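**Student:** Working from the sequences, and respecting the hints, build out all of it.
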Amino acid sequence: MPMPSRRPKLLTLSPKESLILELLVERDELYGLQLVAASKRKLKRGTVYVTLGRMEEKGYISSRLEDAPPDMGGMPRRLYQATPLGRRVLAAWTSTATHLLPEFAR
Amino acid sequence: MSRPGDRLRALASRVFDDETMERLIDPVIADLQVEYAEASKAGLIWRRRWVRTAGYAAVLYVAARTLRVFVGLSLALTMLFELPYLLRWQVTMTMARAVSLIPQALIVTVPMALTLAIGFARPSASQARQTLITTIASGAVCAVFVFVTLAWWVPSANQAFRVSVARELGGPASPPRGVSEMTIGELRQQIKWAASVRVDWRALEFTYHFRWAFPWASLALALLMASLRRRGTTRRAMLLAALPILFGYYVLLFVGREYVLAGALQAALGAWMPNVVTLFAAAAVAMRAARRQVIA
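The listed protein sequences correspond, in order, to chains A and B. For the first sequence, the residue numbers in my numbering are 849 to 954. For the second sequence, the residue numbers in my numbering are 326 to 621.
Simulated from the structure, these hints should not be mistaken for laboratory data. Owing to the predicted nature of the structure, the values given are computational and were not obtained by experimental measurement. One or more of the hints may lead you astray.
To be verified - The list that follows gives simulated cross-link-like pairs (lysine to any residue, SDA-like), each with its CA atoms no further than 25 Å apart:
1. B/K517 - B/T532
2. B/K366 - A/L878
3. A/K888 - B/T378
4. A/K888 - B/A364
**Tutor:** Below is the structure:
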């Protein structure tokens, strides 16, 4: 498992990152394209990998290659999972947003 | 049989480091290949085509994102160079006229942006060879771009600007081309003509050699920056070093031109001197870095 290259000075969470974390917390482990499909096209296939790379660097998610290449051939796909730090940041962000913006909780 | 994305991956692996390949490029290609195989198995020809196109677009987007510093700097510097002309020009500055000034700015901003972007890049000490290949490839691509711009795009854009201004001021419909509006072939002919009628052709000759030499500034400057990186220079120091390096290059170019115009230096030597000096500096820094590594 690749370790985050550096710890962020400030734990920031963009709306896209928050969406990805929500999906990963909900479904445990997903491929990039599964995230695009699960987000109901809120995430684009071109941008999702860049966001995932950035989140991995921040330490919010971790990734691993799938165990065996799929039957139909091709390179092994990368599976993404939320880290404990990512879960904590999402929980903190959701809680803060709920307190600051009551309409967010509806 | 090759799978979709295999060739693109092979090409990308020559340019990007292992970390970028593993984290950004490979996941896109892996998903593309699985989706493509699923569509093939189901006999969905149009879906297969769409998957391939969308996958390639995603790879290109990811690749372009890694070049965002270079692209951003090129755009910002181009705007900065254009601004004085846009603000001070005496005639109406239409969109077409502003656009025709872009190529002239690009030939200066591309080598500058590349030098600064290499300074800004995150150091990767474990992949010195890959970094060098990427640097040479980036420098060569920029050199070709600047050469094409300088040889054809700038002359035609400058002439378009002159025609447009002449029309507004009631001048000739097709004003004669100046030195900056001539292509390399036209410059060569002009030098022959000037030599035959014994007119001073040194400025023309310098411009001709400058058109061949200047595009390689991108490569020479990139190699110098890569050598500094190999020496273990920090990001901040690299960025600080980039400014005097760029300034030094332009001083050498200016001095070389002045010597050529004064008849003290051959035109080719004056035009190529900044590149040669920069390459010598790059070699000296690289050799020093290699000696340090051996001692360590």
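**Student:** Hints numbered earlier in the text: which of these fail when held up against the supplied structure?
**Tutor:** none
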